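Engineer: Just so you know, the protein sequences line up as chains A and B, in that order. The opening residue of the first sequence carries number 1 in the numbering used here; numbering runs sequentially from there. The opening residue of the second sequence carries number 517 in the numbering used here; numbering runs sequentially from there.
Wrong hints could be hidden among the right ones.
[Said to hold, decoys possible] Ranges between beta-carbon positions, derived for each pair: (1) B:LYS775 with A:VAL253: 14 to 24 angstroms; (2) A:TYR339 with B:GLN769: 48 to 58 angstroms; (3) B:ARG789 with A:GLY111: 49 to 59 angstroms; (4) B:LYS623 with A:VAL112: 53 to 63 angstroms; (5) A:ALA335 with B:THR784: 29 to 39 angstroms; (6) A:ALA335 with B:ASP779: 27 to 37 angstroms; (7) B:ASP683 with A:GLY166: 31 to 41 angstroms; (8) A:THR254 with B:GLU787: 22 to 32 angstroms.
By construction, these hints were calculated from the structure, which means they are not laboratory data. Remember, it's a predicted structure, so these values are computed and weren't measured experimentally. Just so you know, even glycine gets a beta-carbon here, dropped at the ideal spot from N, CA and C.
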Amino acid sequence: MKTIRVLTIGLFVAVIGILSGLVQDVRDAQAIPAFARKYDFSCNVCHVPGFPKLNDLGNIFRDQGYQLGADNDLPTFEALGKGFWPVSFRTTAGYELASQRVDGGDVTTGGVWSGALDILSFGTLHRNISYGIVFTGATATPGSGGTIDLESAFTRVLNLERFLGGPTNTYLMNLKVGKFELDLPFSEKRSPTLNDAFVMYHYIAGTPWVQTTLAGLNVTSAGVTANYLNPNQFALGANQPGIEFTGITKTDVTGGYFRYSLAGLTNNFNTCAGPTAFNPAGAPNPAGTPFSNGASPGNSLGTCTGNGGHNFNVYGHVTQSFGGYGVVQGQRIGALFLYGKAPTLDNPICPGCAGTQGNSKDFTRVGGDASLTYGSMNLFGAYMYARDSAGLFAATQMAPINAGGVTNGVFQNAAWHGGFAELDWYPNQLPVLGSGYLFGYRYDLIQNVRQGISSFPNHYNNVDSHTFLVRDYIHQSTRTDFVLHAEFNFYRDKGVGVNGGDLKGQSMLVGFDWAF
Amino acid sequence: MGPRPPFLIVSAVTLILACQSCTGLSRIESPVQEEPDRFVRVEARHGDSPHEGFTRFDHPFPLSVQDWNRILQNVWMQREPGLMALLASQESSIPAFSADEIAFLSKWLNRAFKHAHADEWVVFGLIRAGSPGVTEITTGGWFVEGDRLYLRFTNYRYAVSMASIKDQLWDDPLHSMGVRVYIFAPGDNQSAALIGGGQLGDLRGTSIPQLAIDYGGFLTPPSPAKAAKPAQRSDPTQQAVSPEQGSGSDAAQKLRELKQLRDDGIITEEEYRTKKKQVLDRY
Numbered sequence: 001m002k003t004i005r006v007l008t009i010g011l012f013v014a015v016i017g018i019l020s021g022l023v024q025d026v027r028d029a030q031a032i033p034a035f036a037r038k039y040d041f042s043c044n045v046c047h048v049p050g051f052p053k054l055n056d057l058g059n060i061f062r063d064q065g066y067q068l069g070a071d072n073d074l075p076t077f078e079a080l081g082k083g084f085w086p087v088s089f090r091t092t093a094g095y096e097l098a099s100q101r102v103d104g105g106d107v108t109t110g111g112v113w114s115g116a117l118d119i120l121s122f123g124t125l126h127r128n129i130s131y132g133i134v135f136t137g138a139t140a141t142p143g144s145g146g147t148i149d150l151e152s153a154f155t156r157v158l159n160l161e162r163f164l165g166g167p168t169n170t171y172l173m174n175l176k177v178g179k180f181e182l183d184l185p186f187s188e189k190r191s192p193t194l195n196d197a198f199v200m201y202h203y204i205a206g207t208p209w210v211q212t213t214l215a216g217l218n219v220t221s222a223g224v225t226a227n228y229l230n231p232n233q234f235a236l237g238a239n240q241p242g243i244e245f246t247g248i249t250k251t252d253v254t255g256g257y258f259r260y261s262l263a264g265l266t267n268n269f270n271t272c273a274g275p276t277a278f279n280p281a282g283a284p285n286p287a288g289t290p291f292s293n294g295a296s297p298g299n300s301l302g303t304c305t306g307n308g309g310h311n312f313n314v315y316g317h318v319t320q321s322f323g324g325y326g327v328v329q330g331q332r333i334g335a336l337f338l339y340g341k342a343p344t345l346d347n348p349i350c351p352g353c354a355g356t357q358g359n360s361k362d363f364t365r366v367g368g369d370a371s372l373t374y375g376s377m378n379l380f381g382a383y384m385y386a387r388d389s390a391g392l393f394a395a396t397q398m399a400p401i402n403a404g405g406v407t408n409g410v411f412q413n414a415a416w417h418g419g420f421a422e423l424d425w426y427p428n429q430l431p432v433l434g435s436g437y438l439f440g441y442r443y444d445l446i447q448n449v450r451q452g453i454s455s456f457p458n459h460y461n462n463v464d465s466h467t468f469l470v471r472d473y474i475h476q477s478t479r480t481d482f483v484l485h486a487e488f489n490f491y492r493d494k495g496v497g498v499n500g501g502d503l504k505g506q507s508m509l510v511g512f513d514w515a516f
Numbered sequence: 517m518g519p520r521p522p523f524l525i526v527s528a529v530t531l532i533l534a535c536q537s538c539t540g541l542s543r544i545e546s547p548v549q550e551e552p553d554r555f556v557r558v559e560a561r562h563g564d565s566p567h568e569g570f571t572r573f574d575h576p577f578p579l580s581v582q583d584w585n586r587i588l589q590n591v592w593m594q595r596e597p598g599l600m601a602l603l604a605s606q607e608s609s610i611p612a613f614s615a616d617e618i619a620f621l622s623k624w625l626n627r628a629f630k631h632a633h634a635d636e637w638v639v640f641g642l643i644r645a646g647s648p649g650v651t652e653i654t655t656g657g658w659f660v661e662g663d664r665l666y667l668r669f670t671n672y673r674y675a676v677s678m679a680s681i682k683d684q685l686w687d688d689p690l691h692s693m694g695v696r697v698y699i700f701a702p703g704d705n706q707s708a709a710l711i712g713g714g715q716l717g718d719l720r721g722t723s724i725p726q727l728a729i730d731y732g733g734f735l736t737p738p739s740p741a742k743a744a745k746p747a748q749r750s751d752p753t754q755q756a757v758s759p760e761q762g763s764g765s766d767a768a769q770k771l772r773e774l775k776q777l778r779d780d781g782i783i784t785e786e787e788y789r790t791k792k793k794q795v796l797d798r799y
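The shape of chain A in the complex, shown without the other chains:
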């Protein structure tokens, strides 16, 4: 662990040193170059110098269905015939060093990895009709093959108010249908962090948190952590199938924008993918600890019963900005809520198939967010209170018992606080390094209030995560972007080891991120 820390610090500062010497005339770069090609824009027209984070105009462009309000928005615009094709590619490849440690043992890996290849197509089909498709292919990781996925596919119809006699150049009522990223406080797909997810968007009660890595390192799969089952695998950060009503309007009083998003999400893709509770073979059975389920070593515990159904979740997010959109200019506040039900009932005539409707148990999320700008700095963050109902955990049929078969726990509502705060700085001109850099730091936090099974202590699965990043825009044009990226993360997941120890992980990535 000490070695990896020294190596990480060394590589991090070495990258800065090398960059400062070799790369003084630098610039900005961005994410869907098909739009840059379409409009002949450089990327920082729509992104902060920190591709892929959208700037104010980029956010408005997205909110308006990839339209600026100009003739060349249309796919039939005659000048678009000159080589324009609405498809972009993006991938990341680099050297990653990662380590995870729990209960005194650790695993470390290092090597050159490539992330997923995103094939992106976004654009307009006609005035006020737009679409988006993201096709993702991931390379094989140790122990698993490559994967492909239609990560996102949606159609949007905008300016519906015109059918109600409203103006034709506003975007108060827009409809999106398909599978898409929710209107999150801050888009994870547009985050400059490449290697580290927003914990709040993906945290599952009962499942020890492990940061994703390109190498696919996951110490929890080795059965050295304790967990309890949770049929509710809903993650805000995952693309969801459903329909979404959105709107945006300029508010003259504040000099900013009011936005809303109200989405109805289908939940029949919920599968009970939570890891099975496990009492590792040969491990001491810690009598009296809350992690022992009283079973023989080596046995899996509990059954997962919720793997389908027909439920409907509702997600909403509203924001109001002041003096701009609130990303590069002005300030912004927002509020979010989610009410959902997760299926817990098996399909009685086909065990293991998609479940049937019924016996769904509810969960809720409520929170707020804020974004502050000052010069070339953007400080933003979000807070969320989450609750999973006791019925979800009871449906797993896990016995909340302690060693010796004594029942000392009960199923109860799980509750936790989640949040993050991130500071991004994209200085115009640094004294030595020049321009074209983005520096970022994010702190992610999970604080549990109650566990789904009372025998697990309240502090179980509390997460503190710190992520640092530097991006240098080596090359940009109206066709391509090429970025050198360095990211370092360390985190602690409290008390998730089978012996009650903390899980500590860190990862360092230095690589290239490009889009074409």
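Given the coordinates of chain A, assemble chain B onto it according to the supplied hints.
Structural biologist: What follows is chain B alone, placed relative to chain A:
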């Protein structure tokens, strides 16, 4: 006990950065004309890699407003051929400056060069309205060496939506954002080149288009036969816009008014497009 490895690394990098800062750029600028959307300044620059080596210019350089007008009218640009050029036909050249810009620059370049010293560039910045929410910024610099007048476009019609980037270009007009869409289309008595970029060169897109103008030959009174047509260039079908025509600003004003009418809901989107096309056709 010696210093710990991280401390040594941090110290070494700090030292490297400190040494590099010794070779940083220093600039002394004096405004000639500053307006919200355009300016002309004279500026002495030292320690600036792509722009150094020209610290003894043949300044001051007296040239009349009319001569500047003629020079500026004959600066033309064309889109740089890229990969897509294989799929698309060659695009025609366009005048580098609008009529308004020519009138502004002629007046203030004349004054700037009268007072510029041998170590001073004459730099400029121009803004044009672009797509909604976007402005196009052109920045660059002029200097004279021997019998040649040089123009560098560090950024030509660079699309900007963020105020901080506009401020950056306004502060340092010879800083290239590294996005080159246009290059010069040289005519008679002109030669074009891409300069600078350092060792990484075009990988970083930092090469800057430069136009060298043989002003002696260029400003020689043309023969009656030659005076009848503009200077020869890649696309002879295009003609420079003279400042006297003045139709550019009128058209721009009309387009702004039409946009306002549309935004206020007084005219429909279709009416707006029809009228816009009519204005542009007349222009």
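Engineer: Now look at each hint and say whether the structure bears it out.
Structural biologist: Hints versus structure:
1. B:LYS775 with A:VAL253: 14 to 24 angstroms: At 23 angstroms between Cβs, range holds.
2. A:TYR339 with B:GLN769: 48 to 58 angstroms: For GLN769 of chain B against TYR339 of chain A, whose Cβ atoms are near 53 angstroms apart, the range 48 to 58 angstroms holds.
3. B:ARG789 with A:GLY111: 49 to 59 angstroms: holds, 56 angstroms
4. B:LYS623 with A:VAL112: 53 to 63 angstroms: For VAL112 of chain A against LYS623 of chain B, whose Cβ atoms are near 59 angstroms apart, the range 53 to 63 angstroms holds.
5. A:ALA335 with B:THR784: 29 to 39 angstroms: Because 36 angstroms falls inside the window, the suggested range holds.
6. A:ALA335 with B:ASP779: 27 to 37 angstroms: For ALA335 of chain A and ASP779 of chain B the Cβ distance comes to about 30 angstroms; the hint holds.
7. B:ASP683 with A:GLY166: 31 to 41 angstroms: holds, 37 angstroms
8. A:THR254 with B:GLU787: 22 to 32 angstroms: Hint holds: Cβ distance 31 angstroms, inside 22 to 32 angstroms.
Going through the hint list in order, the structure satisfies each hint without exception.
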